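Chain order of the listed sequences is A, B, C and D.
The first sequence maps to residues 1 to 277 in full-length UniProt numbering.
The second sequence maps to residues 1 to 277 in full-length UniProt numbering.
The third sequence maps to residues 1 to 277 in full-length UniProt numbering.
The fourth sequence maps to residues 1 to 277 in full-length UniProt numbering.
Honestly, the hints are just simulated from the structure, not real lab data.
Please note that a few of the clues may not be correct.
If chains are identical, the list can't say which one is meant, so a pair holds when it fits in one copy or spans any two.
With a straight-line cut-off of 25 Å between C-alpha atoms, the simulated SDA-like cross-links for lysine to any residue are [claimed, not checked]: (1) K72 with A15; (2) K159 with E264; (3) K262 with D37; (4) K72 with H38; (5) K72 with R234; (6) K262 with P204; (7) K72 with R60; (8) K262 with P85; (9) K72 with N187; (10) K72 with Q99; (11) K159 with R16; (12) K72 with I88; (13) K159 with L126; (14) K72 with P96; (15) K262 with T252; (16) K72 with M109; (17) K72 with E98.
Keep in mind it's a predicted model, so treat the numbers as computed, not measured.
Number of protein chains: 4
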Amino acid sequence: MLIRLGYDIRFYMAARTAFVAMLHVHPSRTDDLLEPDHMRIESGGTTILPDSYLDSFGNRCSRFVALPGELKLTSSTLIEDSGAPDPINPRAIELPVEQVPNEVLRYLMNSRYCEVDSMLHIATDLFGGLAPGWQRVQAINNWVHQHVTFGYHHARATKTALNVYTERTGVCRDFQHLAVTFCRALNIPARYATGYLGDIGVPPSYTPMDFSAWYEVYLSGRWWTMDARHNAPRIGRVLMAVGRDASDVAITTSFGQSDLTKFEVISDELPGAVATQ
Amino acid sequence: MLIRLGYDIRFYMAARTAFVAMLHVHPSRTDDLLEPDHMRIESGGTTILPDSYLDSFGNRCSRFVALPGELKLTSSTLIEDSGAPDPINPRAIELPVEQVPNEVLRYLMNSRYCEVDSMLHIATDLFGGLAPGWQRVQAINNWVHQHVTFGYHHARATKTALNVYTERTGVCRDFQHLAVTFCRALNIPARYATGYLGDIGVPPSYTPMDFSAWYEVYLSGRWWTMDARHNAPRIGRVLMAVGRDASDVAITTSFGQSDLTKFEVISDELPGAVATQ
Amino acid sequence: MLIRLGYDIRFYMAARTAFVAMLHVHPSRTDDLLEPDHMRIESGGTTILPDSYLDSFGNRCSRFVALPGELKLTSSTLIEDSGAPDPINPRAIELPVEQVPNEVLRYLMNSRYCEVDSMLHIATDLFGGLAPGWQRVQAINNWVHQHVTFGYHHARATKTALNVYTERTGVCRDFQHLAVTFCRALNIPARYATGYLGDIGVPPSYTPMDFSAWYEVYLSGRWWTMDARHNAPRIGRVLMAVGRDASDVAITTSFGQSDLTKFEVISDELPGAVATQ
Amino acid sequence: MLIRLGYDIRFYMAARTAFVAMLHVHPSRTDDLLEPDHMRIESGGTTILPDSYLDSFGNRCSRFVALPGELKLTSSTLIEDSGAPDPINPRAIELPVEQVPNEVLRYLMNSRYCEVDSMLHIATDLFGGLAPGWQRVQAINNWVHQHVTFGYHHARATKTALNVYTERTGVCRDFQHLAVTFCRALNIPARYATGYLGDIGVPPSYTPMDFSAWYEVYLSGRWWTMDARHNAPRIGRVLMAVGRDASDVAITTSFGQSDLTKFEVISDELPGAVATQ
Chain A
1 MLIRLGYDIR FYMAARTAFV AMLHVHPSRT DDLLEPDHMR IESGGTTILP
51 DSYLDSFGNR CSRFVALPGE LKLTSSTLIE DSGAPDPINP RAIELPVEQV
101 PNEVLRYLMN SRYCEVDSML HIATDLFGGL APGWQRVQAI NNWVHQHVTF
151 GYHHARATKT ALNVYTERTG VCRDFQHLAV TFCRALNIPA RYATGYLGDI
201 GVPPSYTPMD FSAWYEVYLS GRWWTMDARH NAPRIGRVLM AVGRDASDVA
251 ITTSFGQSDL TKFEVISDEL PGAVATQ
Chain B
1 MLIRLGYDIR FYMAARTAFV AMLHVHPSRT DDLLEPDHMR IESGGTTILP
51 DSYLDSFGNR CSRFVALPGE LKLTSSTLIE DSGAPDPINP RAIELPVEQV
101 PNEVLRYLMN SRYCEVDSML HIATDLFGGL APGWQRVQAI NNWVHQHVTF
151 GYHHARATKT ALNVYTERTG VCRDFQHLAV TFCRALNIPA RYATGYLGDI
201 GVPPSYTPMD FSAWYEVYLS GRWWTMDARH NAPRIGRVLM AVGRDASDVA
251 ITTSFGQSDL TKFEVISDEL PGAVATQ
Chain C
1 MLIRLGYDIR FYMAARTAFV AMLHVHPSRT DDLLEPDHMR IESGGTTILP
51 DSYLDSFGNR CSRFVALPGE LKLTSSTLIE DSGAPDPINP RAIELPVEQV
101 PNEVLRYLMN SRYCEVDSML HIATDLFGGL APGWQRVQAI NNWVHQHVTF
151 GYHHARATKT ALNVYTERTG VCRDFQHLAV TFCRALNIPA RYATGYLGDI
201 GVPPSYTPMD FSAWYEVYLS GRWWTMDARH NAPRIGRVLM AVGRDASDVA
251 ITTSFGQSDL TKFEVISDEL PGAVATQ
Chain D
1 MLIRLGYDIR FYMAARTAFV AMLHVHPSRT DDLLEPDHMR IESGGTTILP
51 DSYLDSFGNR CSRFVALPGE LKLTSSTLIE DSGAPDPINP RAIELPVEQV
101 PNEVLRYLMN SRYCEVDSML HIATDLFGGL APGWQRVQAI NNWVHQHVTF
151 GYHHARATKT ALNVYTERTG VCRDFQHLAV TFCRALNIPA RYATGYLGDI
201 GVPPSYTPMD FSAWYEVYLS GRWWTMDARH NAPRIGRVLM AVGRDASDVA
251 ITTSFGQSDL TKFEVISDEL PGAVATQ
């Protein structure tokens, strides 16, 4: 399956402003790209070339300085996807912490929006008595999916997992933060993921496309995709970045005032297309 | 100057428990060590050898599984120190974010106990009007030092910078979290540090020695030591670990119930000693 | 000046639900009414008569049980108003607490959305150094007005004064909660008020009318109207209820699930009208 | 049974400070007093007579202005008590809200330390499925008693029910705040109570006596004593004050800086005594 990916994101700012963007397909998917994954940056009437680097989580980041006026970030690329839904493995097991690799340990810890320390007892009350493994993670995913109501007006920048637990409302990221926090509180490594997720294989949502958030859990020695927002295997996720929570993988971070003026995301299957590699 | 460093830390636990410890002198100080920096681990009547690794912040970590019963972590080592107080450089400047190195950018972001997003306005109100640079960081340090009251009974595991700002009480780590958060909110990279700090050059405190927390700010292209708790240059700091906040540099993390039964830290100048290298 | 007041508020509910409404003109304004201030309650195809009582703050409350289906609350009344703007008295003084009447003391205390205990230091930092009296209250009002941005999408049920202080956004009630909390933290009695406030004497807002919130401070032995949202004297406020914060004076409280389906408020000056008493 | 009640509470303050004290036996117990319930106030070398009033909850309050220096509040009185333990009535029922008296409705609402709005979902998850009535309240009491750990070092002035729920630690008042909030979230009126509670009929605690907190629930048309801290019927409670939470019934409130220097409470059964009325 071929998926056309892209975006057109614009900001207006009054002053020179440093930016960091995480608007690339994740390095783990580079081999699937059929066109260059190039972010075009237009600012102050000129094209800017960013500095590119990998952050400590392995995400590809771009940094640049936007000039006063409009900033336009655009991209269009093509990726080959297996077309298979998110894998399910009911036999995947929770590893004892001692078997968790060094570089995965960080995904057991507290982070800005995942206050594991404050939710330890709650997670234990709810899920501590369940048999460890895939089914327990699925129980967490079910719980969050069933108890939290989706709504764009429920979003706010500082909303944490505990806020989601008490308010029971949120957007994509809020669902995932709560599930991630429950997992970590039970010593199951979990990380936040962001990327493209179109309406492939599901009824069209007819809402403006956005990037999507999901999360991954580490079971049986590898990462598995989970999604407490949708709670059903999906086709066509294209990962952009992973981190401990939304604070690590902000699509864009501006170090100064910037106003979003346009936000379009494309993630469409190319019907009938045949991949040419 | 020679400083004798060491500790004797004991836990009791009922079950096998995975541990991560950050109880080594920081790699940046390895060349100053005059004796091996070895952590002895005794557990269940035997000596355990840990796995050692560097985390994403460059700290040396040890992981191991403690057996039921007593866990005893001990060390004694000797380090040569310049004997010079923390450097002061009133001409050190704040770098524009675009000049901050890639690997330093993370120290501008939110973390568990440093909610930059919630304290942006407060920091701007208090310090936004001051001239950038060393003096502004010093103003932050002064403010925290003067407005927060120290007391061990004010400690709690989940206390964040915002809590410290409203409660105006805390221990070492709380002072530093608040100052770190103010700095980041002003786009000054700041990181949390933990290590040894004895009563060298100051009146003895007569309280049981503990590890100490301070923080570092990135000005003029390098890190500078700051300490909102003491707010005066000190002699004999020996760094153990740096991170975004206390959650990244916990001295020990146990993945399961463990009860601290003994906690002794040593950080003494060897009077009259001459370093032999 | 004559002001036509009224509302049409509707809910849908699936089950029998107890309600308390505070939808009457405040007893202190009863003498100004030129028509009966009657709330008509239609529920389950019939007209319901409520029980009426005064709460401990002196507000007129109505309680009733709504039947499954639509609940319709309507009213239309006419009030005579002085037409004078909110009074200003720069010479009004803060009373020492010992001179505050017994029944006013409660307006110095903590309440759900006004965490005086958490904001004591902040209020002292900001306003503790100012000369007591009207000017200090005006300084508080100015500060809130200037630092908080209005927006309906910033509303949430659990938002407290401290939240407003950190987020710097909110609706009417949030502005007043923050100002009220600052006042109380400085030992100035302050209470939350809700009522009608039309666009009399100001440019029309062209937004759907709503009830409005303001607050009152106790200076020189009486209550004075303050409004951190508008920060300018207004004409035509008609008080409905006072309390410590929004939790005490909810327009309607339903003890069970109810969905708001319509909300219209009227507060219009009758042009050219002459009061007939 | 006769119980000797009394206290010796002292403060030091640098400046004239207004005080409100709730240090009297509750009006509902006045008829049981065998000696006058007189609070002696010594301040600045003289004896002060307070103004006395009933607050909106019906508690007897004393207000006065303490002079610079030591403030000494003392009392000794004698009360006759039934000697019966807190009554238990497994058949007591929850009233539908519509049958709750007007003056009891306030005990269903939010208050400073009882954030009903934030804990609605949590309470429903835990107790919403249980049959209404005494047994459900008992289930709440059991839950809090079993899940929260007592410790004086866990006290802090701003701790709310939600904090207690996440931290699972606290003192008397914290246990009761959590239970009260659970009850209200389920539409069971609940109020906070403070008073004397000696070691009558239980093993002596050997800790310094303090006033105690408990709570009351409104079932079958009357208030019943509950105590999530002890979770067992006790003998010899003497009520001093009731309110929505600890903020309403502070033993003393000082409007200015005051330092507690002594705190002794007496609540002893007079062995073998015979009441003379």
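We went through each hint and held it up to the structure:
Taking the shortest alpha-carbon separations for K72 and A15, only the intra-copy value of 15 Å comes in at or below 25 Å, while the best inter-copy value is 52 Å. For a Cα distance limit of 25 Å, the shortest separation of K159 from E264 inside one copy, 24 Å, qualifies, whereas the shortest one across copies, 31 Å, does not. For a Cα distance limit of 25 Å, the shortest separation of K262 from D37 inside one copy, 21 Å, qualifies, whereas the shortest one across copies, 49 Å, does not. For the identical chains of this complex, K72 and H38 are intra-copy neighbours only, at 13 Å inside a copy versus 54 Å across copies, given an alpha-carbon limit of 25 Å.
Taking the shortest Cα distances, K72 and R234 never come within 25 Å of each other, neither inside one copy (30 Å) nor across copies (44 Å). For a Cα distance limit of 25 Å, the shortest separation of K262 from P204 inside one copy, 22 Å, qualifies, whereas the shortest one across copies, 30 Å, does not. Taking CA atoms no more than 25 Å apart as the test, K72 paired with R60 passes inside one copy only; the shortest distance there is 19 Å, against 42 Å between copies. In this assembly of identical chains, K262 and P85 lie within 25 Å of each other by CA distance neither inside one copy nor across copies; the values are 31 Å within and 43 Å between.
With identical chains, the CA atoms of K72 and N187 are at most 25 Å apart between copies only, with a shortest distance of 24 Å across copies and 42 Å within one. Proximity of K72 and Q99 under a CA criterion of 25 Å is satisfied inter-copy only: 22 Å between copies versus 45 Å inside one chain copy. Proximity of K159 to R16 under the C-alpha cut-off of 25 Å is found in neither arrangement, the shortest distances being 29 Å within a copy and 34 Å between copies. Taking the shortest alpha-carbon separations for K72 and I88, neither the intra-copy value of 39 Å nor the inter-copy value of 42 Å comes in at or below 25 Å.
With identical chains, the CA atoms of K159 and L126 are at most 25 Å apart both within one copy (21 Å) and between copies (24 Å). In the homo-oligomer, the alpha carbons of K72 and P96 lie at most 25 Å apart only across protomers (22 Å), although the nearest pairing inside one protomer, at 47 Å, exceeds that limit. With identical chains, the CA atoms of K262 and T252 are at most 25 Å apart within one copy only, with a shortest distance of 13 Å there and 39 Å across copies. For the identical chains of this complex, K72 and M109 are inter-copy neighbours only, at 24 Å across copies versus 36 Å inside a copy, given an alpha-carbon limit of 25 Å.
In this assembly of identical chains, K72 and E98 lie within 25 Å of each other by CA distance solely across copies; the values are 19 Å between and 47 Å within a copy.
Violated hints, listed in ascending order, are 5, 8, 11, 12; each of the other numbered hints is respected by the structure.
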